[in-house]
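*Asks:* Chain residues, written in single-letter form:
Protein chains: 2
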Amino acid sequence: MPSAAKFKQYASLRMPKYRQKYGLFTVEGRKVVDEVIHSRAKLEAVMASESYASKQALPETCEIISDADMKRLSQFETAPGIMAVVLMPSAQAWQDQAPLTLAVDGLADPGNLGTLIRLADWYGMTQVLASEDTVDQYNPKCLAASMGSFLRVEVVYVHLAEVLKNKRVFGAYLEGTSLYDAPFEAPSVLLIGSESHGIRIGEELENLHRFTIPRLGQAESLNAAMAAGISLDNAVRRLRERGVAKFALPFNK
Amino acid sequence: MPSAAKFKQYASLRMPKYRQKYGLFTVEGRKVVDEVIHSRAKLEAVMASESYASKQALPETCEIISDADMKRLSQFETAPGIMAVVLMPSAQAWQDQAPLTLAVDGLADPGNLGTLIRLADWYGMTQVLASEDTVDQYNPKCLAASMGSFLRVEVVYVHLAEVLKNKRVFGAYLEGTSLYDAPFEAPSVLLIGSESHGIRIGEELENLHRFTIPRLGQAESLNAAMAAGISLDNAVRRLRERGVAKFALPFNK
Numbered sequence: 028m029p030s031a032a033k034f035k036q037y038a039s040l041r042m043p044k045y046r047q048k049y050g051l052f053t054v055e056g057r058k059v060v061d062e063v064i065h066s067r068a069k070l071e072a073v074m075a076s077e078s079y080a081s082k083q084a085l086p087e088t089c090e091i092i093s094d095a096d097m098k099r100l101s102q103f104e105t106a107p108g109i110m111a112v113v114l115m116p117s118a119q120a121w122q123d124q125a126p127l128t129l130a131v132d133g134l135a136d137p138g139n140l141g142t143l144i145r146l147a148d149w150y151g152m153t154q155v156l157a158s159e160d161t162v163d164q165y166n167p168k169c170l171a172a173s174m175g176s177f178l179r180v181e182v183v184y185v186h187l188a189e190v191l192k193n194k195r196v197f198g199a200y201l202e203g204t205s206l207y208d209a210p211f212e213a214p215s216v217l218l219i220g221s222e223s224h225g226i227r228i229g230e231e232l233e234n235l236h237r238f239t240i241p242r243l244g245q246a247e248s249l250n251a252a253m254a255a256g257i258s259l260d261n262a263v264r265r266l267r268e269r270g271v272a273k274f275a276l277p278f279n280k
Numbered sequence: 028m029p030s031a032a033k034f035k036q037y038a039s040l041r042m043p044k045y046r047q048k049y050g051l052f053t054v055e056g057r058k059v060v061d062e063v064i065h066s067r068a069k070l071e072a073v074m075a076s077e078s079y080a081s082k083q084a085l086p087e088t089c090e091i092i093s094d095a096d097m098k099r100l101s102q103f104e105t106a107p108g109i110m111a112v113v114l115m116p117s118a119q120a121w122q123d124q125a126p127l128t129l130a131v132d133g134l135a136d137p138g139n140l141g142t143l144i145r146l147a148d149w150y151g152m153t154q155v156l157a158s159e160d161t162v163d164q165y166n167p168k169c170l171a172a173s174m175g176s177f178l179r180v181e182v183v184y185v186h187l188a189e190v191l192k193n194k195r196v197f198g199a200y201l202e203g204t205s206l207y208d209a210p211f212e213a214p215s216v217l218l219i220g221s222e223s224h225g226i227r228i229g230e231e232l233e234n235l236h237r238f239t240i241p242r243l244g245q246a247e248s249l250n251a252a253m254a255a256g257i258s259l260d261n262a263v264r265r266l267r268e269r270g271v272a273k274f275a276l277p278f279n280k
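These protein sequence lines map, in sequence, to chains A and B.
Following the working numbering, the numbering of the first sequence begins with 28 at its first residue and continues without gaps.
Following the working numbering, the numbering of the second sequence begins with 28 at its first residue and continues without gaps.
To be clear, the hints were calculated from the coordinates, so they are not data collected in a lab.
Computed from a predicted model, the values in this text were never measured in an experiment.
There's no promise every hint is true.
When chains are identical, the list treats them as one kind, so a pair holds in a single copy or across two.
What the hints assert, rightly or not - For lysine-lysine, the following DSS-like pairs were computed, each having C-alpha atoms within a straight-line distance of at most 30 Å:
1. Lys168 - Lys98
2. Lys192 - Lys33
3. Lys33 - Lys48
4. Lys192 - Lys35
5. Lys35 - Lys194
6. Lys58 - Lys168
7. Lys82 - Lys98
Looking at chain A on its own, in the form it has when it is part of the complex (with noise of 0.2 Å):
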């Protein structure tokens, strides 16, 4: 059972500045759970609530709190009833030299951050880049979107201008040339922008190819993930083109 002011620590950590400030995040619900203890990751407590243990069998190392306790610890409406307290990896500085980047400026929603940090694992890639004022990559919405995938892709907060400023960056724009003869080569950096101000950081950069997916029909934009998805598809297949052995398919596929 946690002290009274452990507890009071785990329940500060729905707020982003608690997160940094402690170094911890939390996840919730069996799966999730269950891939931390598995992973690499460092474990701060594993807790159950107490029907949640009358009814599961529980993790080895696994603390029983009261329901109450786990309703005031959960981040959701309706708590899971298992949760893990887990050790941010301290920040690693963004591996510039990698074939690909994915970079989002101002990604605002935690569900896109999720759904993009699952997409860029899909594709073997293990760092995102991120403007500073991007969602937190501990949101609990962007955790459950990454559906697991946030234990092998780290979003990296950077001064994105600063850093990207004198790279070769490819990026997506409603006006723009088509992605279809984006020349990518490596290293290269597709750079998303955000769900309302699109990137921002444009004019500040000085190697900048701006692209557009074509559009056959009206929709007035892609939603930022989708954006990113299909973008990267085709700078994937680019590279592989080009002979970049990171791409190359795998045996049989």
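Using the hints provided, position chain B relative to the given structure of chain A.
*Replies:* Chain B alone, transformed into the frame defined by chain A:
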């Protein structure tokens, strides 16, 4: 001011069965209300709450109702304050000679269906084929996620296994041959499974090509709408290469 009977009817439109019974659905918020007013959709009523009307210029034929009444009618936790009641267009048959049709087998999440409708609209398609148990296209979350594309793309609900039995179908699976080698030709159907069960009707299809989006990393799967977007972009490209005029790139793109 709607009659008490009309009012009761409108309030019932939260539930899919009453939307079907009356052939009506609601949209809320100024942007989408303006869109339906300027579209070919037939409107039964446009209503604004008193407090909305006190702050905003109203569309021409707009009735004012009390804030409490708007709260009763609204499908959202916080009522946007302006609402239109719209007649469902009459159901159309599937145009099975379209060069490419996007089909979904049991999609359950309204946000995913809305995102997929927006995607279909972007690529110039006017229909999406869906199994009868797919979530309702007039679900408010689906309408919101479609960002207005519901006015141009119609979901055609059918007995999917029966309708697709002899068609050339390309199904998105976690195991299959590479999407990049899939021999799309017109007409083809691109079939996406549900979030939790994937494609359920595979055994009943006589001309099914199982493909997978090659996975380079470790994510277990991709979100259904995301998988649809990446697959659709590839299918459209292949059909363009085969000279299908519908998918020729617009000038200067």
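*Asks:* If a hint holds in the structure, say so; if it doesn't, say that too.
*Replies:* Results for each hint:
no.: 1; hint: Lys168 - Lys98; result: both (17 Å within a copy, 27 Å between copies)
no.: 2; hint: Lys192 - Lys33; result: neither (43 Å within a copy, 59 Å between copies)
no.: 3; hint: Lys33 - Lys48; result: within (14 Å within a copy, 55 Å between copies)
no.: 4; hint: Lys192 - Lys35; result: neither (42 Å within a copy, 59 Å between copies)
no.: 5; hint: Lys35 - Lys194; result: neither (44 Å within a copy, 60 Å between copies)
no.: 6; hint: Lys58 - Lys168; result: both (15 Å within a copy, 26 Å between copies)
no.: 7; hint: Lys82 - Lys98; result: within (17 Å within a copy, 40 Å between copies)
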